[in-house]
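What follows is the residue order along each chain.
Number of protein chains: 2
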Amino acid sequence: MNDFVFQNCTKVIFGKNTETQAGKECAAIGIKVLLHYGGGSVKKSGLYDRVVSSLKAEGMQIVELAGVQPNPRLSLVHEGIELCRREKVDLILALGGGSVIDSAKAIGAGFYYQGDVWDFYDYKCAPEKMLPLGVILTIPAAGSETSPSSVITDEKQQLKRGLTAMCLRPAFCILNPELTFTLPANQTANGISDMLAHTMERYFSPTKNVALTDRLLEAMMKTIIDQAAIVMRKGDDYAARAEIMLCGMVCHNDSLDIGRQTDWASHGIEHEISAITDVAHGAGLSIVFPAWMKYVHRTDIPRFVQFAVRVFGIEQDFENPERTALDGISALEKFYQSIELPVRLSQISLSASRIEEMAKKATWNDSVTLGGFKKLNRKDVSAILQLAV
Amino acid sequence: MNDFVFQNCTKVIFGKNTETQAGKECAAIGIKVLLHYGGGSVKKSGLYDRVVSSLKAEGMQIVELAGVQPNPRLSLVHEGIELCRREKVDLILALGGGSVIDSAKAIGAGFYYQGDVWDFYDYKCAPEKMLPLGVILTIPAAGSETSPSSVITDEKQQLKRGLTAMCLRPAFCILNPELTFTLPANQTANGISDMLAHTMERYFSPTKNVALTDRLLEAMMKTIIDQAAIVMRKGDDYAARAEIMLCGMVCHNDSLDIGRQTDWASHGIEHEISAITDVAHGAGLSIVFPAWMKYVHRTDIPRFVQFAVRVFGIEQDFENPERTALDGISALEKFYQSIELPVRLSQISLSASRIEEMAKKATWNDSVTLGGFKKLNRKDVSAILQLAV
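Protein chains in written order, with this note's numbering: chain U, 75 to 463; chain L, 75 to 463.
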């Protein structure tokens, strides 16, 4: 186990009708709130009205900024920073999924910074402060509701960049599983794929002697896989929607990987797929992950055997551990297929001719390596994508 | 799953030599610190000197209060409150196990209260504020390093009372597994029994649809049981000591029982055993728990089958679930015996003639019931203790 420091102060409010507590939570922080959201769905569902009522009941003053898109844009972030300064808001309330939350984080961090907020995403300097942020989550996937991370796209430079800084954790998040009943099947599946990836990227670690966190992460993977079958069949099953919403938050709040090195190579490789195809992040991950596993499994066969046996309950072949390891990877592929996610580039009409370009971009022109379980250079990334053809 | 609110802001600093960071952490909070500890062991081990050096290096002013005993006393708490007020301390640093931490919590909460701090433990009112508290843990067991709880004994009235209030969570805790290398085997085993009980008391819940937390708690129990065998054989095994220290903290930080009702009946019954015999809390629990299970298992046989199969890997008897349930209880007893803990009252020379008296006290003269998995009255408690004869 590695030495570590862990702290996560986000207050989690979970359950039915909890969005009606937004006003009280916000009023405990300040008076003027920026309500930040995407488009029409929160209005159509009535969520917007319930939240505004709750804020008004507490005498909150509301400033609004709508229009967040998937892959949230830097230009809207700039607009939000201007607006928050002009209106002197005390806090931000994000109403939506990961994109809205990440956009709100960028606005809240940029609020206190004299330069361009993109400097943070360009790793020129690190944010030390963020406007207090509340979240009402509508899509369980990114885990941004308790994580210290934000991903923003500079649409002019065509750059998508992730930032992690402890000050980016929200002050509170409100999770009502009922808000996810109407999520379309493909968005549900994409979210499940994202949270499963967040868990596996913590699980496939080079750190030894991590007995507790291994088992906690296995518990998470088994639960996501079990419950996925239920929510895909019956979108308004409260119990299963609650489990999936809980999983999306817990798997990314950093409590399950204390003391272990993580490996985010699959997320890095996937970003290049969604950058050139506009495929959903979760669907890109279901293509990358099995290919990554096939390429790296010999680095640590016992770990892949443990994954196969403990997560998928595969009967171990004691004389041929690699067979068991490969059976685990097949089981993961079958799981993705069972929730109608793609597992090959051809399924999203991405030609193998683009592989070299993606491998180059993912490794910043072969100048950096990805991952920690096995360090990957341009050639490795290219080979992994070839396994996904 | 039940609705819930969860927040835990304690900063956890884990690893080798981390006690040398105490000065820096304290200096970030204030200037004058009360150093609170038990007796000679922290001086003999050199820990005291290292911590004082670290505090002095940061220019901290140190006030001291030693002498905390197991079952920490109200009189010392009163003395600590006086001292903190007179010296105008900014924070408390607890150096020890659960007793020292719980005593520090009582002092820190009493500091802000005009009446007698015992009022909190007498449930006349609830504390809303505590002096900031830092912890350097030497005994993994009680979980008080991140929990919102404190147990204090009023030696004059011979009352031992537990208090839970969110303001009682420490600001930071420092966990260095090396500090536990010299813990005697019986203290190690008692601590393991306490953390296993904290996990089981969350696991045996009447709440349905708790798939994720069930699996997380099972992960915790399996790890405690696995790693116990190693630390009992080899006290200076860093990897296993680290797992046990991590388990003691995580199992009681309230992250594993979000959304589920818990059942603290076994802790309640055990308090009566240790009150009249002075047996260690962990050794009392290893007697009470199997007896409690034998008495309540018919309330929910599938839950006990799940415990047997998932925690102890027992082959399920599908035609006779109760047999599997009982096999799980036997396996738990054998585990306790394997780390040399008692499983019967006779092993601690406690006569069956005292059972009625204990059952009466545990249920406040039959005026309250204990537990949530199955509500227990005086007669039930008495029957449970009879099963432990």
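Among these hints, one or two may not hold up.
Going by beta-carbon spacing under 8 Å, a handful of chain U positions derived as facing chain L [what the hints assert, rightly or not]: (1) Lys85; (2) Pro258; (3) Ala293; (4) Ala303; (5) Met306; (6) Glu317; (7) Cys321; (8) Gln335; (9) Gln380; (10) Val383; (11) Phe386; (12) Ile388; (13) Glu389; (14) Phe392; (15) Ser456; (16) Ala457.
Read the hints as simulated data drawn from the structure, not as lab findings. Model, not experiment: these values are computed from the prediction. Glycine included, each C-beta is placed from N, C-alpha and C at the ideal position.
Hints and how they fare:
1. Lys85: Interface hint status for Lys85 of chain U: holds (4 Å vs cutoff 8 Å).
2. Pro258: violated (23 Å)
3. Ala293: Since the shortest Cβ distance to chain L is 3 Å, the answer is holds.
4. Ala303: violated (12 Å)
5. Met306: Met306 of chain U check fails; min Cβ-Cβ to chain L is 15 Å, beyond 8 Å.
6. Glu317: holds (5 Å)
7. Cys321: holds (6 Å)
8. Gln335: Violated, about 14 Å.
9. Gln380: Violated: closest Cβ of chain L sits about 13 Å from Gln380 of chain U, beyond 8 Å.
10. Val383: Val383 of chain U check fails; min Cβ-Cβ to chain L is 12 Å, beyond 8 Å.
11. Phe386: Because about 14 Å separates Phe386 of chain U from the closest Cβ in chain L, which is outside the 8 Å limit, the hint is violated.
12. Ile388: violated (16 Å)
13. Glu389: violated (14 Å)
14. Phe392: violated (17 Å)
15. Ser456: violated (37 Å)
16. Ala457: violated (34 Å)
Hint compliance for this structure: hints 2, 4, 5, 8, 9, 10, 11, 12, 13, 14, 15 and 16 are not met, and every other hint is.
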